[in-house]
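Colleague: Here is how the chains run, residue by residue.
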Amino acid sequence: MSSPISAIALVLVLSCVSPEQKAELAAHDLRSWVATARMTADALAVGTVPQLYGRQVLDAALESRRRLAQRSEWNAIAPELRDSLQSSLRGLALALGQPADSVGVTP
Amino acid sequence: MSKLLKIALGIFTSIGGFLEVGAIATTAQAGAAFGFRLIWAVVLGTICVIFLVEMSGRLAAVSRHTIKDALRERFGPRIFLLTLVSDGVINLLVLAAEIGGMSLALQLVTGISFRWWAVPVGFLTWLLLWKGSFSLIENGVSLLGMVAVAFLVGAVMLDPPLNAMVRGAWPSLPTERPVHYWFTAVSILGAAISPYLFYFYSAGAIEDHWDEDEIGVNRAVATVGMSFGAILAIAVLVVAAMVFHPHGIEPERYEQVALLLTSPLGRWGFYLFAATLLVSCLGAALEISLATAYSFAQGLGWNWGEDVRPRDAARFSLVYTVMIALTSLLMVAGIDPLKLTLFSMALTSLTLPIVTFPFLILMNDRDYVGEYGNHWIGNLAVIAISLLASIIALVAIPLQLMGG
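Protein chains in written order, with the working numbering: chain X, 18 to 124; chain D, 7 to 410.
Because the hints were derived from the structure by calculation, they are not lab data.
Don't be surprised by glycine CBs; every beta carbon is placed ideally from N, CA and C.
There's no promise every hint is true.
Label-pair distances were calculated between CB atoms; the ranges are [stated by the list, open to error]:
(1) V63(X) to D217(D): 55 to 61 Å
(2) N309(D) to R88(X): 31 to 37 Å
(3) R84(X) to W122(D): 18 to 24 Å
One chain only, chain D, in its complex shape:
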């Protein structure tokens, strides 16, 4: 495959992969509640995730290590287990939210409760992992995620005020409801900087046999792909700011969010919203399930690989099977998918330093990355944004739970 084609495909899959239930729910909430004022959180999260995704690809290309197996090797079992448990819990919650998102999309168009859909969509996700290849998951489902471009079309059709958007891209203090403002901000950061994204990316680089020659491709894909993905997330926020904010609608249920695209796109907008939710959640559910199975297998030295037959990587396959079964049952139990999404995204922000700090040490260790170590700007950006997100989450999550 030519480099140009690799870059193009990588960018498309990054765009499709960026927008999932977390990004849709958090940006829709932000636009509805605060207009354009939280665009800065998407921008900040995107800067951080660009650095992290680029680093994870670079680590794999140079050292032939995924993040997890390098963590285990460099820091020993304790730090590895800490990151494994932290990621495992977060991924479980986020996967439940993605299964919930898919189920809700089907509820919207069929009228049958999402609780009835949780097991069938869980089964579909599992079947694709069991039978599908890595390229099907990496390219096929993510490319389908391009249906999310409907939000960009919708945002353009609504002709938003550019001045207000530019002002919103600059961080600002809240003028009302500070707890909700900061909780929404950290939820957006958590949705943008989802660790499963870069675990999946680094494992994918190993599955695709990357070497040093891919460093340029990696940088282009991480930068351009994630930036375009962020543009789609901002488009969701803009549509919510234009459609919901003036009416005072602040979605507490996904049923409300489904009205977003009907203003600019009419009846097509309703179905495009459901399709975007379904496909983007499916893509994310596949990536999260694989990322978690990769984490266990790579760190514990099991055989792994999406292109390996399940019987030859039994424990790897068992991890995603159990994850999907558990999260489908959580949704059958009737947990509110929107609240779960927002909470799990905020929790992701809280745990970011556990994941990013050891990773940064790896990326500055010459034994792993040789001459391709991090520039200080990347280190500083990731440390600052991870710490900021984590500290705000530490304060905002309890207050939000207390009813603030």
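In isolation and in its complexed conformation, chain X is listed as follows:
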């Protein structure tokens, strides 16, 4: 059993946390929030989730954006992706009946 485990360990160690991968992981998180905000806005539009849930998702997304923006990888994320987050957050705010600019600006 030791050789497959050693192989797994080696693959894991070699594949561990280069700056490019950290940037890709941050972009991954951001894409996930873009899709979450869009799916929640769609669900609000057809009434499959309550408004108070939509507000929780918006708050969580804004908190994640703030946390991501503090990381060094943030600047390596494509500007189009950051714009995409901004527009999906504005869309979610509108679906909740809030002004679009209540979500602030994605740095």
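Starting from the known structure of chain X, arrange chain D on it as the hints suggest.
Modeller: Coordinates of chain D only, in the frame set by chain X:
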């Protein structure tokens, strides 16, 4: 009670007991990140837990010993203390995750932060233990856990591709993000092979006065109940693979996970998700609290039993009281429940050999199980899966913590 009724009730409670915050969170993560590719981890974990649960029931039925008191008697205080500390730490983290899960379920439907709910749900859990009977906890709450069948309904309604599911049931190497893949795999294994499950089961067998006649019932309940429980866990993974994976949603917060059932079941799906999370976490929180109190009491020779009045088993009751208070406060402090869940499940995998190896020695000791000793297949399966889970966890946990 007829044997058939016992089997049916046992199977229902096993199904309800299998799916808890760990299983929901890890399988949802797996489906969202890797589609159907990690179904094998649920299958592997289920094979192991079937063997372990069956063994724990058999040990109790044949020797009239729970695992813990047999461990203390057979190996002496050092090994017993090692398992006690290891289980104690893991159970504390998992209980915090369950309290967090219940609190999050209430946050989803009320909008009030989970931190405000942690103490009330902790109190509810404690009250049920203080006032309730063993059968209420074993049957009542676990039966309510059948609400989790909503995931199976959702999975069927989404019409998943069977070929991809069958391929996912076969272990495969990751094609991307290997650290996250293996970390998720060991988290799934840890959620499936939670030691508190078989400690609770063996203590329950003693509380229910099992003897050799129950060995057939025990085998049926362990095999069929855990298998159906695993089907529900796979259903969560399938729903996540169908709903989240195509959109690139990988939940880092429970708020995101709540969208899972809205695609197949609409608004009902949202409330059924919250109900499943609430009830399954409550059932698991009760079982973990009791399992830990059982472990202390059985190993240290205290009076114990859920049907014994708290004043007659004061130290036993004190253990679950302290556990619940501590874990509720952890949640009040604002620890991220989803991250805590995934981490505690991976940690469970890491410590599996500490728990399973001494137990296997017991199950092969004729002084305890007589002619009902283990078959070599059970020994081999548990050793191989425990070791595999532990070694992968040993590598994957630090790398995941380093940001891999």
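Colleague: If you check each hint against the structure, which ones fail?
Modeller: 2
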